[in-house]
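Asks: Spelled out, the chains give:
6 protein chains.
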Amino acid sequence: MSLSEQYRIRTEPHYQPQGNEVALFEMAYGARLPVMVKGPTGCGKSRFVEYMAWKLQRPLITVACNEDMTASDLVGRYLLEAGGTRWLDGPLTTAARIGAICYLDEIVEARQDTTVVIHPLTDHRRVLPLDKKGELVAAHPDFALVISYNPGYQSLMKDLKPSTKQRFTAFDFDYPEEALEARIVAEETGLALDACERLVRIAHAARRLKGHGLAEGISTRLLVHAAQLIRQGASARDACRMALVRPITDDADIRDTLDHAIDAQFA
Amino acid sequence: MSLSEQYRIRTEPHYQPQGNEVALFEMAYGARLPVMVKGPTGCGKSRFVEYMAWKLQRPLITVACNEDMTASDLVGRYLLEAGGTRWLDGPLTTAARIGAICYLDEIVEARQDTTVVIHPLTDHRRVLPLDKKGELVAAHPDFALVISYNPGYQSLMKDLKPSTKQRFTAFDFDYPEEALEARIVAEETGLALDACERLVRIAHAARRLKGHGLAEGISTRLLVHAAQLIRQGASARDACRMALVRPITDDADIRDTLDHAIDAQFA
Amino acid sequence: MSLSEQYRIRTEPHYQPQGNEVALFEMAYGARLPVMVKGPTGCGKSRFVEYMAWKLQRPLITVACNEDMTASDLVGRYLLEAGGTRWLDGPLTTAARIGAICYLDEIVEARQDTTVVIHPLTDHRRVLPLDKKGELVAAHPDFALVISYNPGYQSLMKDLKPSTKQRFTAFDFDYPEEALEARIVAEETGLALDACERLVRIAHAARRLKGHGLAEGISTRLLVHAAQLIRQGASARDACRMALVRPITDDADIRDTLDHAIDAQFA
Amino acid sequence: MSLSEQYRIRTEPHYQPQGNEVALFEMAYGARLPVMVKGPTGCGKSRFVEYMAWKLQRPLITVACNEDMTASDLVGRYLLEAGGTRWLDGPLTTAARIGAICYLDEIVEARQDTTVVIHPLTDHRRVLPLDKKGELVAAHPDFALVISYNPGYQSLMKDLKPSTKQRFTAFDFDYPEEALEARIVAEETGLALDACERLVRIAHAARRLKGHGLAEGISTRLLVHAAQLIRQGASARDACRMALVRPITDDADIRDTLDHAIDAQFA
Amino acid sequence: MSLSEQYRIRTEPHYQPQGNEVALFEMAYGARLPVMVKGPTGCGKSRFVEYMAWKLQRPLITVACNEDMTASDLVGRYLLEAGGTRWLDGPLTTAARIGAICYLDEIVEARQDTTVVIHPLTDHRRVLPLDKKGELVAAHPDFALVISYNPGYQSLMKDLKPSTKQRFTAFDFDYPEEALEARIVAEETGLALDACERLVRIAHAARRLKGHGLAEGISTRLLVHAAQLIRQGASARDACRMALVRPITDDADIRDTLDHAIDAQFA
Amino acid sequence: MSLSEQYRIRTEPHYQPQGNEVALFEMAYGARLPVMVKGPTGCGKSRFVEYMAWKLQRPLITVACNEDMTASDLVGRYLLEAGGTRWLDGPLTTAARIGAICYLDEIVEARQDTTVVIHPLTDHRRVLPLDKKGELVAAHPDFALVISYNPGYQSLMKDLKPSTKQRFTAFDFDYPEEALEARIVAEETGLALDACERLVRIAHAARRLKGHGLAEGISTRLLVHAAQLIRQGASARDACRMALVRPITDDADIRDTLDHAIDAQFA
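Residue numbers (the UniProt record's numbering), protein chains in the order written: chain A, 1 to 267; chain R, 1 to 267; chain B, 1 to 267; chain P, 1 to 267; chain E, 1 to 267; chain U, 1 to 267.
Among the clues, some could well be false.
It does not matter which identical chain is used: a pair holds within one copy or between any two.
As the list claims (entries may be wrong) - Below, computed lysine-lysine pairings styled on DSS-like, alpha-carbon distance capped at 30 Å:
(1) K161 / K132
(2) K210 / K161
(3) K55 / K132
Everything labelled a hint here was simulated from the structure, so no lab data went into it.
Bound-form chain A, shown alone (with noise of 0.2 Å):
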């Protein structure tokens, strides 16, 4: 299977859009602008991502940033073997080469060296420098660059340079509307809309104690999980109390009342 086969998205992932943000993702990679994807947690950043390659046809490579990832993980290494070096590329490298979209979650994740082997990708040039090859990669005409980036972690130790975040285009992110939202966890588990629309209910009031007790609110994942057990036989209070309350808190306090709202919409 080539490599281009193998990082097709073949079906048509689950995305419900919120606003015009398909058209205007489709321009952004119509002139080849690098785009940054902002949102809190678990809001359909990746959803929208992978949505977007299936869309475009074009083969989606995928790498978690994380702070230990040194630049030879996005743009490659030599391996050393029986009959001499062999020269394999990075994930970022093989995009540029098979005119894949390259998506970088968590961006803010990575090192500064790490972040900056994307600049000469994602300006006029569009080049990679396999600086420990010796080579110049031209990237392909249809490469696109894609990374997420969530504000609310930003902080003084981790952000975007100013030089590399005036690179991208971007977009905001947020958790769909009640409505729609309520479709959507429908949609993906099979559980009636009815109860979909109490879970819902229960992700708003927690959605309100961000930023005080809580870093963050129920997410639409979330929600998933929670129908998912119901689907599968637990109680709604239970599966609920699993599923929203108990990951995103240690705190006797806010737990009571994400419970109360949970009993209060399944009493």
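Got chain A sorted already, so can you dock chains R, B, P, E and U onto it with the hints?
Replies: Same frame as chain A, but now just chains R, B, P, E and U:
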């Protein structure tokens, strides 16, 4: 012996359910939702996971997390050999391939950046990208991820990121209630139930000191140690001092308080 | 293709002189004096260097500096191969050998200790000692060193050492004056000059916020992005929000201020 | 010589029991409970462990822990050899295989990743996973783990985690009482008991200064040193200054106080 | 070409003595005492060392010290080759063997482990232990060690240890007095002496600002740069701004002050 | 040449005893007690150790300790070679095998964790475990360990641990008394005794400034340097400035004070 066989639990682990956690775990596993087991040191979290692996008839691969652990320790690395390099799967990769339950013990000890590698395994993708190998491992249908988490350790420096927490369903654990804990100690060691009840009472005294000079209370495991020493012929007082008090405190006042509690039970 | 060919600039880069910087650069190059190009993000520093390399008909080797870069990344290193070790010149060494212009972009990002390796290349000696190889490379007569430097990043922690600064002649750059900047955007994107002037006015509003909640103003590059999106069919308001505002701020107040500036121009 | 032979204690180490610690250690070993030996520098912790290994007829593998020690230093690593790679067991693995007592001296010095590898050996599992080799070593039935721990060093930065501490039974050690300590020094060095008693009295004077300018008191080991120097022909005053005082303090006042104590005993 | 030849200074370097430093250096070299050359950036320290090497007819091996430099970078290392390993002497070892002057430029930049390796070469032993090779190199009778040191950089974090400093004899350097400095600039660049005197007067203005907003004054080297630009055809004002002011300050007030000083000289 | 021969001291080092330290060292060596030599920089500690090695006819292996030194630098390491790995003994291991005196110079510079490796060599065990090699080296009967220690460097960050200190017998050293120091300088350099006495008087002036602006006083070694420069033809004033003052201070006031002391002696 195949890898699956090597990691299979052969004999039923001692486990005394405290509520409906066994059924709920089975539902979470049914939906392949990642599971977080929360609770203090030595309350039986690892035993519960071992029991569920036995009950579900899945191999169990346990990783003791620590702050020096790198992503490569979980995912795998190239070994340098005489004839070249050889890839060695890490425990997480092995679990994903053979359909084991992968249990990351004390996940908060790991650096946040290491924990990021589990992300693509814990959403709808269920894949593990081996960036260094250029391979995308699709998880076996039976694979599941379980982590343990001790809220007592949680600090500003060490906590899971919201984007990690929101990938899990969670169970709250605590030490068993008094009668059950005594029965567990008696069953595991063969010590008379009456003596076990006294041990549990000492533990309760110590647990009230948690946060007031003690980092953690006396765990069920320590009660088992004391009971074992008594069964070996030690006096109850010697056994309790050696198994329950000396390991957990260097503070003379705390030590005296606990020694008094021992003398009160074994006068 | 020879190394010299690989790094040669083939087509004249778009460059609009702002003063006599082209003649002065030629004089500095005539005396082979090292050059420091100072100025904010995205004001055209890299484009100027590229233009001068094209004008002087010299190959250009660009290195994006970062804080994890070691001296070996510039100078070269031994690679371990099946048959032994092989020396691989770094980009600075390559440039010194083939008589290229070596451009160290964002030099302050590099650690002070990495920047020390350029010292013997920047005085009358014009040599580069490869200590690890036991070789003393005499620079090609055409070799020159150019660095870029963003005074806005300068801090107690990150600044060039006096003994490094005092090896350079320096150019102060800034964003082009209003009419010129609009003309540059129009020429690069084909957007009508009138719309480009409006974009420039928005940029001017943002640049006044620099240091008052914005780390950097809206650069010429971002104006080009906005113009490209408009050319792809986006509304001017959508394009400006996505290209000029969302990438550079997460602050709701700043975002609203800039959105108002957009609406004022494209009412 | 087999590994077991290499690590066997051949001659009975000098050891003077201070209480029932020998019997209690035998009981802990009988139940294969891990043992922590606590106490100040030079009070005989290591000697006690050596004695118990001799008495129980088990090989003893001692590891001096330090901050640079990695998990591989305990567990083992691959060596590259002409004909391929060869796995080399670390001391902990060797001990687990041959049924030795593994003694980790000054465990708090080690980094957490080193500490954590002992966890699966110290609960009911009694296994050691060699992740890099893909092998799960089941401990020999005679294997036991002993660690030493000096509460005086304990600090916020360096302490065992509760989840590590709660795996051990613990012994509190201190310097022997006066008559016993003199007898020990006399037996080890052949110095007359009367002179040894004087040495012990000097030590008692110094131990009262612990925490008042002295980090630790004069240990039994230093008394043995002084006695050895006297046996070599040094005057008692010279020997005491050189063996008891100069090594432990640079403070002129403390030095004078201790010198007076010497002169009072050896007038 | 032999190593001695490769490092020999072939043509007499421009050097204008400021006092009896040439004779004193010859005496220090006569007794093979290590030499420390102290002084501000760009005052001619390296030129002096080069001149002395030429005068004494010794090869000169210069090492630009930096924080990433390891002891192996100075002493040497094993290289892996097809037919086995090969030892490669580092620059310090080469100098010790061939009787060169080894010049460690900006020694305070190096880490202590790098600094400490020079100790046995700088006392009566005059040896260099190659621990990794198991060889003890006795220094050639003509070998000498010279280090440079900028007291202005000295800080709590980076200073030589007393035990290192006390191995050297030291020279204090400073910028040449006014007439001499103008003559040096004129001789090195061919610019008219009158213009050179004006340049020196600007430098004196700037040197008075040292410590009042300027980390270092304008060095002789920068005056040479300005003179070279003028010789290339730049106006004196452009040349001075570009060579003397822009490289050393980003502060608008300081820049204006210095620009006024330029305009006063080249009205 | 055998290793023992390579490290043997062939000619009697100049050494002037200050008291009964030679006899006491012989007694400590007779009992094979580890020795700590304490005192300020350049007072003759290393010379004393060298002299004792010569007198006892033992090879001497000296290691200059530093904060980047690892345990492997002392003990040994595997080298990667074409045909596999090869173990290379470190200097401590070599000394233990051949029965040399191992001298760890400036031990406090090493990290505490590196110093821990000497522990098993410094008690009754007299062994050195090479954990990485799986070998337990029994020290040669003639092996002895000596460390030097400068109390003036001692700080909260850098001090030996009590458990290390309590393994040594200790000697207090200081600069020789006035007449003896002058005689030492005269004998080592051939300078007239009268001039040497003047040098010593300057040193005494400087030593009174220790802790009042000077980290260390002028050592005997520096007096020897000054005498050597005078013997080479330098004026006494030039020689003293260059050898005694410039190396140890950058402070103008201290420099002037010391220069006055020089002028007072050599008026």
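Asks: When no copy is specified for K210 and K161, does a C-alpha distance of 30 Å or less occur within a copy, between copies, both, or neither?
Replies: both (26 Å within a copy, 14 Å between copies)
Asks: What label fits K161 with K132 when the C-alpha limit is 30 Å: within, between, both, or neither?
Replies: Classified as both; 25 Å inside a copy, 26 Å across copies.
Asks: Can you tell me if K55 and K132 fall within 30 Å by alpha carbon in one copy, between copies, both or neither?
Replies: Close across copies (28 Å), not inside one copy (35 Å); limit 30 Å.
When each numbered hint is compared with the structure, no violation occurs for any of them.
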